[in-house]
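Heads up: the protein sequence lines correspond to chains G and D, in order. Just so we're aligned, residue 1 is where the first sequence starts under full-length UniProt numbering, counting upward by one. Just so we're aligned, residue 1 is where the second sequence starts under full-length UniProt numbering, counting upward by one.
The set of hints was computed from the structure by calculation and includes no laboratory data. Since the model is a prediction, treat every value here as computed from it, not as a measurement. Warning: the hint list may mix true and false statements.
Unchecked claim - Facing chain D, according to a computed beta carbon distance under 7 Å, are these residues of chain G, among others: (1) Leu34; (2) Met98; (3) Ala99.
To be verified - Far from chain D, by Cβ distances over 12 Å, these chain G residues were calculated: (4) Leu8; (5) Pro65; (6) Ile81; (7) Ala86.
Where a beta carbon is used, it is the ideal one built from N, C-alpha and C, also for glycine.
Protein chains: 2
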Amino acid sequence: MERFLLLLDGPWATLIVRELLQGPRRFSELRDALEGISAHTLTHRLRRFEAHGIVTRTVYAEIPPRVVYELTPLGESLRDILYAMAAWGQSVTNQQLMAATD
Amino acid sequence: MERFLLLLDGPWATLIVRELLQGPRRFSELRDALEGISAHTLTHRLRRFEAHGIVTRTVYAEIPPRVVYELTPLGESLRDILYAMAAWGQSVTNQQLMAATD
């Protein structure tokens with residue numbers, strides 16, 4: 001569990017994986033899809049994922065060069081967990097979600 | 001997904017649920033089991049979980065009064081997700097985990 005929490009730490013990490021579960025993405029595509037994320041945070045997160053073997057970064061020698069991010073098999077193996085998270089979220093009623101917390 | 005991330009935000013939230021998946025717990029038992037958590041954080045988290053319908057808080061009119069926290073069915077329904085997280089974490093090699101990230 002701790003390893004999961006270490007690698008998928010915080011909402012951005014999970015939302016980036018969710019985006020990449022739909023297929024390879026360029027940096028700008030990720031940035032557009034993840035409303036509110038800064039270029040710095042996205043860069044840092046992708047670099048961490050790359051280092052931890054969750055994402056690959058491929059540079060295509062085109063003009064201009066094209067850089068594509070893609071899930072590795074380890075990253076891909078998060079699919080079921082993220083689907084389960086989404087399904088659980090749907091089982092939470094609006095009333096429960098909006099409950100005031102002091 | 002966003003609802004999940006909203007309610008299970010951060011490692012402590014997930015680790016508290018993991019602990020309660022093993023059965024009802026008193027505050028002191030939770031605090032002992034969750035190394036490094038402050039009383040303030042634990043109190044705040046439990047209150048949030050209670051408000052969102054994930055945990056119940058039962059006071060037994062004993063001397064001194066006994067307070068027990070327990071997962072609701074909604075909280076209990078997180079079991080499979082947390083097991084999947086733990087299983088995924090075990091599939092991450094030490095080498096991947098320790099990879100340097102600048």
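How the hints compare with the structure:
1. Leu34: Cβ of Leu34(G) sits 12 Å from chain D, so the hint is violated.
2. Met98: With a closest approach of 9 Å, the Met98(G) hint is violated.
3. Ala99: Ala99(G) check passes; min Cβ-Cβ to chain D is 4 Å, inside 7 Å.
4. Leu8: 8 Å, violated
5. Pro65: 21 Å, holds
6. Ile81: 5 Å, violated
7. Ala86: 4 Å, violated
Checked against the numbered hints above, the structure violates hints 1, 2, 4, 6 and 7; every other hint is satisfied.
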